[in-house]
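Going line by line, the protein sequences match chains A and B.
This note's numbering puts the first residue of the first sequence at 1, with every later residue one more than the last.
This note's numbering puts the first residue of the second sequence at 1, with every later residue one more than the last.
There could be a bad hint or two in this list.
[Claimed, not checked] Going by beta-carbon spacing under 10 Å, a handful of chain B positions derived as facing chain A: (1) 23; (2) 51; (3) 183; (4) 238; (5) 267; (6) 274.
[Stated by the list, open to error] No more than 25 Å apart at the CA atoms, straight line, and that leaves these computed lysine to aspartate or glutamate pairs for DMTMM-like: (7) 39(A) / 290(B); (8) 72(A) / 189(B); (9) 72(A) / 290(B); (10) 229(B) / 119(A).
Keep in mind the hints are simulated off the structure, nothing from the lab.
Don't be surprised by glycine CBs; every beta carbon is placed ideally from N, CA and C.
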Amino acid sequence: MNKSPSTKIAAFGENGWIIYFSETDNLLAQALYTNAITKKLRVIPGIIDAVAGADSIVARFSPAHLNSAEAKRAVEQTIDKTPFNDAPTPTKQINIPVCYGGEHGPDVKNICKQNNMTEQTLIDLHAAGRYRVMAVGFAPGFAYMGPLDDRLIMPRLTTPRPSLPAGSVGVAGGFTGVYSLPSPGGWRIIGRTPMPLFQAGGAEPFVFEPGIEVRFTPISASAFNAYGTSSA
Amino acid sequence: MKALATILEPGLQTTVQDAGRPGFRHLGVPHSGAADILSYTFANAAAGAPPNAGALECAIMGPTLKFECDAIIAIAGADMTPLLNGAPIVSYAPVSVKKNDILELGNAARGARAYIAFQKGVSGEAFLDSISTYTPASIGGHQGRALRENDVIFSAELNHGKPVETPPSLRIAFSQDFILRATEGPEAEAFTPEALNHFFTNPFGAGSRGNRMGLQLNSSTNTLTHSIKIMSSAVFPGTVQCPPDGAPFLLLSDAQTLGGYPRIAQVINADLPLTGQLKQGDRVWFHRVDAQTGLEISLQRQDLIQIVSSDFCFF
Numbered sequence: 001m002n003k004s005p006s007t008k009i010a011a012f013g014e015n016g017w018i019i020y021f022s023e024t025d026n027l028l029a030q031a032l033y034t035n036a037i038t039k040k041l042r043v044i045p046g047i048i049d050a051v052a053g054a055d056s057i058v059a060r061f062s063p064a065h066l067n068s069a070e071a072k073r074a075v076e077q078t079i080d081k082t083p084f085n086d087a088p089t090p091t092k093q094i095n096i097p098v099c100y101g102g103e104h105g106p107d108v109k110n111i112c113k114q115n116n117m118t119e120q121t122l123i124d125l126h127a128a129g130r131y132r133v134m135a136v137g138f139a140p141g142f143a144y145m146g147p148l149d150d151r152l153i154m155p156r157l158t159t160p161r162p163s164l165p166a167g168s169v170g171v172a173g174g175f176t177g178v179y180s181l182p183s184p185g186g187w188r189i190i191g192r193t194p195m196p197l198f199q200a201g202g203a204e205p206f207v208f209e210p211g212i213e214v215r216f217t218p219i220s221a222s223a224f225n226a227y228g229t230s231s232a
Numbered sequence: 001m002k003a004l005a006t007i008l009e010p011g012l013q014t015t016v017q018d019a020g021r022p023g024f025r026h027l028g029v030p031h032s033g034a035a036d037i038l039s040y041t042f043a044n045a046a047a048g049a050p051p052n053a054g055a056l057e058c059a060i061m062g063p064t065l066k067f068e069c070d071a072i073i074a075i076a077g078a079d080m081t082p083l084l085n086g087a088p089i090v091s092y093a094p095v096s097v098k099k100n101d102i103l104e105l106g107n108a109a110r111g112a113r114a115y116i117a118f119q120k121g122v123s124g125e126a127f128l129d130s131i132s133t134y135t136p137a138s139i140g141g142h143q144g145r146a147l148r149e150n151d152v153i154f155s156a157e158l159n160h161g162k163p164v165e166t167p168p169s170l171r172i173a174f175s176q177d178f179i180l181r182a183t184e185g186p187e188a189e190a191f192t193p194e195a196l197n198h199f200f201t202n203p204f205g206a207g208s209r210g211n212r213m214g215l216q217l218n219s220s221t222n223t224l225t226h227s228i229k230i231m232s233s234a235v236f237p238g239t240v241q242c243p244p245d246g247a248p249f250l251l252l253s254d255a256q257t258l259g260g261y262p263r264i265a266q267v268i269n270a271d272l273p274l275t276g277q278l279k280q281g282d283r284v285w286f287h288r289v290d291a292q293t294g295l296e297i298s299l300q301r302q303d304l305i306q307i308v309s310s311d312f313c314f315f
């Protein structure tokens, strides 16, 4: 109960440290733990980047403020001082409308065939999930969310698609996510949301933060096309 | 706003860049900024512009522009044989231009990127305290994209200082062979000792798949194929990732923030500017250094650059 995962630390580049966390079956708790650590690290003078990955964090330091040993000590002390909570509650909840299948979900058919299910089952399974944001990154507005129903777990495409439209909703491994920008991508695409997930000019450019709960709601193609045209 | 110049020909990829957007990788926001921070710094210093002023980054094939006002400019980086009204002009030094003058940059014979700095800076759209252009998210610079024909760029009207020319010994010596000093990456030891030694002793060719995010490297041998699996973890400009097919990928200033391929090496900060000067067909060697040596080299280099730009910092 509430036992922190063990860690291993190693140099990454001439001004960075990488900390690996032992394997855990509670990915969400681990994700929130590493995010809590990096949040504390970012306010330490001389720490110029602290980025959480799935099972690691990387902290980079400015040698004008911290030498390598001091930076390492700051990281280790921050880890020691951060409690591990194995049942974290969501901070907020957002709902993302998704038009599943058809032109917006080119991988729906192959996932259904592979897992011997109907398109409606796939949609029901994905939309029934109560996902939590595990990590934010890769690109502005991209979030890794999970856990994913076992029946939707699929490997990445062996050859990524050269371009995907913004809003493409995909699955890969145990995660689901939404491509916030037009980009190449290897996740299997099951639908598309008309909701913008990164708005550089907006008051709050970023929708996601680690720990929040995300739900997906199926919408029709006409609702997809009409999104944003009403006063709502 | 004061019009600075009109783009007559945009070149291959001309973007507004500054020193970048550091410290936001946890939000998925890349560093961006000049791919060769050194030549960018030299251009600004030579123009008398403040250290973080917006400048034009010109990739491979430079632009042609017509000035809309009198200005002081300076050019640095890859030699694109700049011509002012058809006559050659010096680089790494201030040049006075008049309204309606035409500046024309050609192809880079050596290196990949040249910088055109303006004494009062180029203006651009700010996002997270930087006007550097990051085209994948359409942020910064001129509408978040590379410049096009007939675009007009505007002066930032910044307070400027005294132009400082770049001593020749500080400039990047351009050739088609690059040696990049690098530390072993977090997954280096997951490769066989033979593969790792091979990586640090043999040249790679800069491939055709390249942009500001990264550059694919080719090798005549295929010693780096592997089946190492890692969970998504932080990557940075200068990280060398190895996909299973064995063709490494060198990440540049627009690099994504997380990656799922093993990281075999990390280029030291002092040599990062060189990565922005690699183009297809160039050869690159990775020379192994330990972290402490890498840090000493970068700090010594930084100290020298501060002769020209006193606030310059690699970190």
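- Using Cβ atoms only, decide whether residue 51(B) comes closer than 10 Å to chain A, and label the hint accordingly. 15 Å, violated
- Item | Restraint outcome when residue 267(B) is required to lie within 10 Å of chain A by C-beta distance | It holds, given that the least Cβ distance between residue 267(B) and chain A is near 8 Å, below 10 Å.
- Message: So, as I understand it, the hint says residue 23(B) touches chain A; can you test that by seeing if any CB pair is closer than 10 Å?
- Response: Holds, about 6 Å.
- Task: Using Cβ atoms only, decide whether residue 274(B) comes closer than 10 Å to chain A, and label the hint accordingly.
- Result: With a closest approach of 16 Å, the residue 274(B) hint is violated.
- Query: Given the proposed pairing of residue 72(A) with residue 290(B), does the C-alpha separation stay at or below 25 Å?
  - Reply: Distance of about 16 Å is within 25 Å: holds.
- Query: Close enough to count: is the Cβ of residue 183(B) nearer than 10 Å to one in chain A?
  - Reply: 6 Å, holds
- Item | Pair hint outcome, residue 72(A) versus residue 189(B) [Cα-Cα no greater than 25 Å] | Satisfied, since the Cα-Cα distance of roughly 21 Å is no more than 25 Å.
- Are residue 229(B) and residue 119(A) close enough, with their CA atoms no more than 25 Å apart? 31 Å, violated
- For the pair supplied as a hint, residue 39(A) and residue 290(B), confirm whether the alpha-carbon distance does not exceed 25 Å. Not satisfied, since the Cα-Cα distance of roughly 29 Å exceeds 25 Å.
- Item | Evaluation of the interface hint that places residue 238(B) against chain A, nearest CB under 10 Å | 7 Å, holds
Checked against the numbered hints listed earlier, the structure breaks hints 2, 6, 7 and 10; every other hint is satisfied.
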